[in-house]
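A.B. asks: Chain by chain, the residues:
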Amino acid sequence: MIWEVFRQEKAGEYHTHCGNVHAPDREMAKQFAAVQHGRRKPTNSLWVVPQEEVGEIDGEDVAFGGTTDKSYRWATAYNTTGADAREVVESEDEQATAEKQRGDD
Amino acid sequence: MNIDTVKERAGPREFSPADELPREYREAATRMIEFHANSEIMGAYLERPFIRQAPSIDRKLAFSAKVQDEIGHGQLLYRAAESLGVKTREEMLDDLANGDGKFLNCFHYPMESWVETPMIAFFVDGAAMRRQATLRRTSWEPYAHAMDKVCFEEGFHVKHGEDILKELMSGSKKEQQMTQEAFEEWWPRIIQFFGPTDDKSTHHDFAASVGLKQQSNDDLRNAFLDQYIPKARKYGLEIPDEPRIRERDDGTYAVEEDDLNWDEFFTIAKNEFEPGLGQINGRKTAQEAVDWVRETIENDASAAGGHAPQAAD
Numbered sequence: 001m002i003w004e005v006f007r008q009e010k011a012g013e014y015h016t017h018c019g020n021v022h023a024p025d026r027e028m029a030k031q032f033a034a035v036q037h038g039r040r041k042p043t044n045s046l047w048v049v050p051q052e053e054v055g056e057i058d059g060e061d062v063a064f065g066g067t068t069d070k071s072y073r074w075a076t077a078y079n080t081t082g083a084d085a086r087e088v089v090e091s092e093d094e095q096a097t098a099e100k101q102r103g104d105d
Numbered sequence: 001m002n003i004d005t006v007k008e009r010a011g012p013r014e015f016s017p018a019d020e021l022p023r024e025y026r027e028a029a030t031r032m033i034e035f036h037a038n039s040e041i042m043g044a045y046l047e048r049p050f051i052r053q054a055p056s057i058d059r060k061l062a063f064s065a066k067v068q069d070e071i072g073h074g075q076l077l078y079r080a081a082e083s084l085g086v087k088t089r090e091e092m093l094d095d096l097a098n099g100d101g102k103f104l105n106c107f108h109y110p111m112e113s114w115v116e117t118p119m120i121a122f123f124v125d126g127a128a129m130r131r132q133a134t135l136r137r138t139s140w141e142p143y144a145h146a147m148d149k150v151c152f153e154e155g156f157h158v159k160h161g162e163d164i165l166k167e168l169m170s171g172s173k174k175e176q177q178m179t180q181e182a183f184e185e186w187w188p189r190i191i192q193f194f195g196p197t198d199d200k201s202t203h204h205d206f207a208a209s210v211g212l213k214q215q216s217n218d219d220l221r222n223a224f225l226d227q228y229i230p231k232a233r234k235y236g237l238e239i240p241d242e243p244r245i246r247e248r249d250d251g252t253y254a255v256e257e258d259d260l261n262w263d264e265f266f267t268i269a270k271n272e273f274e275p276g277l278g279q280i281n282g283r284k285t286a287q288e289a290v291d292w293v294r295e296t297i298e299n300d301a302s303a304a305g306g307h308a309p310q311a312a313d
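Just so you know, the protein sequences line up as chains H and S, in that order.
Residue 6 in the UniProt record's numbering sits at position 6 of the first sequence; the count goes up by one each step and never skips.
Residue 28 in the UniProt record's numbering sits at position 28 of the second sequence; the count goes up by one each step and never skips.
Check the hints yourself; a few may be wrong.
What the hints assert, rightly or not - Straight-line alpha carbon distances no greater than 25 Å define the calculated PhoX-like cross-link-like pairs of lysine-lysine that follow:
#1 S/K174 - S/K60
#2 H/K70 - S/K149
#3 S/K87 - S/K284
#4 H/K10 - H/K41
#5 S/K149 - H/K10
#6 S/K7 - S/K200
#7 S/K60 - H/K70
#8 S/K87 - S/K270
#9 S/K149 - S/K102
#10 S/K231 - S/K174
#11 S/K166 - H/K70
#12 S/K166 - S/K60
#13 S/K87 - S/K149
#14 H/K100 - H/K70
#15 S/K149 - H/K100
What the hints assert, rightly or not - Derived CB-CB ranges, DEER-like:
#16 S/G171 - H/E53: 49 to 59 Å
#17 S/E295 - H/A34: 48 to 58 Å
#18 H/K10 - S/K173: 46 to 56 Å
#19 H/F64 - S/P55: 26 to 36 Å
#20 H/F64 - S/D19: 36 to 46 Å
#21 H/D58 - S/R13: 35 to 45 Å
#22 S/K234 - H/A98: 20 to 30 Å
#23 S/G99 - H/W47: 39 to 49 Å
#24 H/D25 - S/R13: 27 to 37 Å
#25 S/D198 - H/V35: 55 to 65 Å
#26 S/D198 - H/W47: 45 to 55 Å
Hints were generated in silico from the structure; no laboratory data involved.
Please read all numbers here as calculations on a predicted model, not as lab measurements.
By construction, the Cβ of each residue, glycine as well, lies at the ideal position given by its N, Cα and C atoms.
All chains, full assembly: derive it from the sequences and hints.
C.D. replies: Set out below in structure tokens:
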């Protein structure tokens, strides 16, 4: 039985897919995942999910978006003057971080 | 859990649907979140006509994205509210349509001209963001969680609104003058966004004592003025003489509350303000006009095997 493994680097971050393990049950899957995926990179937590439980939908089933330029949706696209309110700066930073992470994946 | 325990434990994101909470808490939280959700929806309807009236394709795209976001925020908030088990999403939407649902004072006024858009998109959204940032620490966890997503998106709304203001205030003399007039009309309403002063606020004490509300009306209003008066001046807007605003020795501002029209504010709060009823009924008519779309989607979903997606998922 194949178990897909998701690794979380730090508390609060997303679990991202990092590979899979072969194991007869959940307990063994957790142990194998810890050995194979939790040793070399900094790890806060791992998820194991039976492969057949994963649902998939791809470009043949549905037309995905994300191909048009939507830079107008980001605070970073607007050049305004003067100091921004703290919460506006925070939001802009969160957006910039999300944008950067999108590039990494 | 009784109300004393709630008050003792009250802290950021302290309570979730797993907790057994007293009715008093759940009702106060419902009232607060339902008001917030309704405001997102009514704000979106107020701004919607300006997608069509936008002066350029860039503005049209950004404005339509923004309106779409606000409707989404409404859905997130209805979900956070319905998880309290006091009212269902349908009951809240029905109340909004029949005039029982309460929402923000600013969205009871009609908006007629493009020069008014930054009054909402910059100043009102800026005021809202100031408040929402504090609500990420509210005690009802689903509400705080919704605020994370809302604050993430809202930065774009405020910056885009500011960009429109900047464009108008560096435009023709006529544009600048019209923008100044719109500002004078909206300014007192924007200040009233934060509600009456603490001593006259109806629900503040309880909401604060159980951790739902994180900052008082007065603190929020002052923080807003400190940030946005310099911004308005920077773009060449003149702050109206009334309401009188006093600059404190430390450079912060305080507003003379008696200069504001509180009769109108409380008429609005009761949904008895004539132009506001126009907004409520306008939305109701629009809802009914697109009933067939919702019906089609719902029928289609049940035909596809009963996996009707939840609106906020």
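A.B. asks: Quickly compare the C-alpha distance for S/K149 and S/K102 to 25 Å and report which way the hint goes.
C.D. replies: Judged against 25 Å, a Cα distance of about 23 Å means the pair holds.
A.B. asks: Falls inside 46 to 56 Å, the C-beta gap from H/K10 to S/K173?
C.D. replies: holds (54 Å)
A.B. asks: Return holds or violated for the Cβ distance of S/K234 and H/A98 against the range 20 to 30 Å.
C.D. replies: holds (29 Å)
A.B. asks: Honestly, do S/E295 and H/A34 meet the 48 to 58 Å range at C-beta?
C.D. replies: Holds, at about 51 Å.
A.B. asks: Per the hint of 45 to 55 Å, is the separation of the Cβ atoms of S/D198 and H/W47 within bounds?
C.D. replies: holds (47 Å)
A.B. asks: Looking only at beta-carbon atoms, does the pair H/F64, S/D19 fall within the given range of 36 to 46 Å?
C.D. replies: holds (39 Å)
A.B. asks: Check whether the Cα positions of S/K87 and S/K149 lie no farther apart than 25 Å.
C.D. replies: holds (23 Å)
A.B. asks: Quick check on a hinted range of 35 to 45 Å for H/D58 and S/R13, using CB atoms only.
C.D. replies: holds (36 Å)
A.B. asks: Could you say whether the range 26 to 36 Å given as a hint is met by the Cβ separation of H/F64 and S/P55?
C.D. replies: Because 31 Å falls inside the window, the suggested range holds.
A.B. asks: Starting from S/K149, check that the Cα of H/K10 is at most 25 Å away, please.
C.D. replies: holds (20 Å)
A.B. asks: Please work out if S/K231 and S/K174 have their alpha carbons no farther apart than 25 Å.
C.D. replies: holds (21 Å)
A.B. asks: Take the C-alpha atoms of S/K149 and H/K100, compute the straight-line distance between them, and say whether it is at most 25 Å.
C.D. replies: The given pair, whose Cα atoms are some 18 Å apart, holds under the 25 Å limit.
Checked against the numbered hints given earlier, the structure satisfies every one of them.
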